[in-house]
Amino acid sequence: MACGNGKEQEQDPRIDGIAASIRVVPDFPKKGIMFQDITTLLLNPKAFKNTVDLFVERYLGKDITVVAGIEARGFIFGPPIALAIGAKFIPLRKPRKLPGEVISEKYDLEYGSDCLEMHVGAVQPGDRALVVDDLIATGGTLCAAINLLERAGAEVVECACVIELPELKGREKLNGKPLYILIKSS
Amino acid sequence: MASEGGEDHRLLRIASAIRVIPDFPKPGIMFQDITTLLLDPKAFRDTIDMFVERYRDKEITVVAGIEARGFIFGPPIALAIGAKFVPMRKPKKLPGEVISEEYSLEYGTDRMEMHVGAVQPGDRVLVIDDLIATGGTLSAAIRLLERVGAEVVECACVIELPELKGRERLGERPLFVLVKAAA
Numbered sequence: 001m002a003c004g005n006g007k008e009q010e011q012d013p014r015i016d017g018i019a020a021s022i023r024v025v026p027d028f029p030k031k032g033i034m035f036q037d038i039t040t041l042l043l044n045p046k047a048f049k050n051t052v053d054l055f056v057e058r059y060l061g062k063d064i065t066v067v068a069g070i071e072a073r074g075f076i077f078g079p080p081i082a083l084a085i086g087a088k089f090i091p092l093r094k095p096r097k098l099p100g101e102v103i104s105e106k107y108d109l110e111y112g113s114d115c116l117e118m119h120v121g122a123v124q125p126g127d128r129a130l131v132v133d134d135l136i137a138t139g140g141t142l143c144a145a146i147n148l149l150e151r152a153g154a155e156v157v158e159c160a161c162v163i164e165l166p167e168l169k170g171r172e173k174l175n176g177k178p179l180y181i182l183i184k185s186s
Numbered sequence: 001m002a003s004e005g006g007e008d009h010r011l012l013r014i015a016s017a018i019r020v021i022p023d024f025p026k027p028g029i030m031f032q033d034i035t036t037l038l039l040d041p042k043a044f045r046d047t048i049d050m051f052v053e054r055y056r057d058k059e060i061t062v063v064a065g066i067e068a069r070g071f072i073f074g075p076p077i078a079l080a081i082g083a084k085f086v087p088m089r090k091p092k093k094l095p096g097e098v099i100s101e102e103y104s105l106e107y108g109t110d111r112m113e114m115h116v117g118a119v120q121p122g123d124r125v126l127v128i129d130d131l132i133a134t135g136g137t138l139s140a141a142i143r144l145l146e147r148v149g150a151e152v153v154e155c156a157c158v159i160e161l162p163e164l165k166g167r168e169r170l171g172e173r174p175l176f177v178l179v180k181a182a183a
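Going down the list, the sequences are from chains A and B.
For the first sequence, the positions run 1 to 186 when full-length UniProt numbering is used.
For the second sequence, the positions run 1 to 183 when full-length UniProt numbering is used.
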């Protein structure tokens, strides 16, 4: 069951509604995995708006120049945040989707590996970047995203996800970069 | 690249923010790359605003975005007009029960999936993608939505490639685009 962020701070009243709108689908993509499905959150306009607002309120005024969203669910949450704070939106994509010149970062999967790509020139040295995805599990994809942005000379200010699965210790994989999440789940 | 309604200065900025990459994904194709539009916050804002202005008073209850670039343009529109956002996805990405529609590619076929229960009979739907080429993907999305009893009010794309006649493939369903480009 999803629950709100820790006991150290008073929880924003909007978070309960957001957590309640997320559906857990057992045994997807394979047996034993309890999949956190955010599509039901997207079917609830108020919950979706509250989700975006919570991120925007945190990042407005922090001079974020880039929001990098991880394919594909990071493409849903990243752009509304980028639009609201006046930042560039950069899609970080699976291999061979981005046309033109790219840089590429490999990361491990449970079995084998995959790659994340970013356009050359999308990000400049001095850019202050926020990385967005729907969920952090093992942190492999977010770590690859951070590496891509830093290789291009950007400063990764924070990673932001709707959901964290703390037992998978993804937070430890982020090279010390701060992680902000709305909901922790088992 | 030609843009619709030359007086609108926003359209000029949007059209010039789009980058054309030759020979991607294969020789002979001039790929319309919208990532450079996303790097221009004013042009991206204007793109969304132009869609929102058109749809805000049309009682749209669902915005359906086609994976993956439809996920970039669809949600900001849905948020602004208070509609549900429904992702239309490649096979095996959506968890839980889905319905599925096959469509043709140049070589072979692909499938598009939508969640059962995401859309109800009577929902008024706007379908979004970054670009319409042959219209195959948009047609598959329309079929999925109509199978569950929704009304597809319009399809909206940033770019149309008119030479590929995608508009005809959509039958009577209206298509709204901001920019027309050569294939």
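Warning: the hint list may mix true and false statements.
[Stated by the list, open to error] Listed below are the simulated PhoX-like cross-link pairs for lysine-lysine, each with C-alpha atoms no more than 20 Å apart in a straight line:
#, chain 1, residue 1, chain 2, residue 2
1, A, Lys106, A, Lys30
2, B, Lys93, A, Lys30
3, B, Lys180, A, Lys30
4, B, Lys42, B, Lys26
5, A, Lys62, A, Lys169
6, B, Lys42, A, Lys62
7, B, Lys92, A, Lys94
8, A, Lys106, A, Lys94
9, B, Lys165, A, Lys94
10, B, Lys42, A, Lys94
11, B, Lys92, A, Lys30
12, A, Lys97, B, Lys165
[What the hints assert, rightly or not] Just some of the chain A residues that point at chain B, by a computed CB distance under 7 Å:
#, residue
13, Glu71
14, Pro95
15, Pro125
16, Tyr180
It is worth saying that the hints were derived from the structure and are not from the lab.
Ideal Cβ positions, reconstructed from N, Cα and C, are used throughout, including at glycine.
Here's how the hints hold up against the structure:
1. Lys106/A to Lys30/A: violated (23 Å)
2. Lys93/B to Lys30/A: holds (12 Å)
3. Lys180/B to Lys30/A: violated (43 Å)
4. Lys42/B to Lys26/B: violated (31 Å)
5. Lys62/A to Lys169/A: Since the Cα atoms of Lys62/A and Lys169/A sit roughly 27 Å apart, the hinted pair is violated (cutoff 20 Å).
6. Lys42/B to Lys62/A: holds (19 Å)
7. Lys92/B to Lys94/A: Given pair Lys92/B, Lys94/A holds - Cα atoms ~16 Å apart, limit 20 Å.
8. Lys106/A to Lys94/A: holds (10 Å)
9. Lys165/B to Lys94/A: Violated, because 29 Å separates the two Cα atoms, which is more than 20 Å.
10. Lys42/B to Lys94/A: violated (27 Å)
11. Lys92/B to Lys30/A: holds (11 Å)
12. Lys97/A to Lys165/B: Roughly 24 Å between the alpha carbons, so the hint for Lys97/A and Lys165/B is violated.
13. Glu71: holds (6 Å)
14. Pro95: violated (12 Å)
15. Pro125: For Pro125/A, the interface hint is violated, since the closest Cβ of chain B sits about 16 Å away, which is over 7 Å.
16. Tyr180: violated (20 Å)
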